[in-house]
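First residue of the sequence shown: 0, per numbering that gives the first Met the number 0; consecutive thereafter.
It is worth saying that the hints were derived from the structure and are not from the lab.
Glycine included, every Cβ here is placed at the ideal spot set by N, Cα and C.
Heads up, a few of these hints could be off.
Computed list of lysine-lysine pairs in DSBU-like fashion (alpha-carbon distance at most 30 Å, straight line) [as the list claims (entries may be wrong)]:
id: 1; residue 1: LYS147; residue 2: LYS82
id: 2; residue 1: LYS28; residue 2: LYS13
id: 3; residue 1: LYS82; residue 2: LYS28
id: 4; residue 1: LYS147; residue 2: LYS84
id: 5; residue 1: LYS13; residue 2: LYS153
id: 6; residue 1: LYS147; residue 2: LYS28
id: 7; residue 1: LYS82; residue 2: LYS153
id: 8; residue 1: LYS84; residue 2: LYS153
id: 9; residue 1: LYS153; residue 2: LYS28
id: 10; residue 1: LYS84; residue 2: LYS13
id: 11; residue 1: LYS13; residue 2: LYS147
Label-pair distances were calculated between CB atoms; the ranges are [stated by the list, open to error]:
id: 12; residue 1: GLY149; residue 2: PHE18; range: 34 to 42 Å
id: 13; residue 1: GLU56; residue 2: LYS147; range: 36 to 44 Å
id: 14; residue 1: ASP102; residue 2: GLN34; range: 23 to 31 Å
id: 15; residue 1: THR8; residue 2: GLU116; range: 26 to 34 Å
id: 16; residue 1: TYR164; residue 2: GLU130; range: 27 to 35 Å
id: 17; residue 1: PRO159; residue 2: CYS117; range: 19 to 27 Å
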Amino acid sequence: MDGSTLILTDDAGKSLPCFLETTFDIEGKEYFLLQPVDHSVQIFAWQASETEEEEEELVDIDDDEIDQIFETAHAVLAEQNLKLKRTAFTLTVEGELPELIEDDIYEIGIGTEEEGECEEFQELANFYHEEQAYSVFTSVDPLIFFAKLGADGKPELLSPEEIEYIQPYVAEHLIDAEDAEEEA
């Protein structure tokens, strides 16, 4: 079944086609590791930093703001032959991403400030909408989802509790898979 495509659907009925990267069985239940077919992207707004004078920082925007700027972001990305899509769980772009250039990589904090985790993102485009600056980023590391088959037979995302429960098994499964590849 690896290499297949599964469709995740959110509560609003939007879909997200994903490649099935691997499956693993935990205590008789099958779980899936999925990666979106298209590249996952995030749009952030730029605002003046509260701590550094004359500095700007990236801030998350909500769905209402995405609705307002979507057409502008879509047009800006289309100039690079990228098609912005309103997919389930994440925005995605279809097309070939530009070559990864070190100057286009930003470390963006994820989670809470206490966790202090950062991810590397590649800036794909920047634009203004009603005098507000925005940037579109894709993660340098691909986005992955953990899923299982629901009662209706369709793939569904795992809850945070389920992800926490399977995490030790996933790590073990991936290490075993890596070892098998090295032996081959």
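Subject >> Contradicted hints - numbers only >> reply: 3, 12, 16
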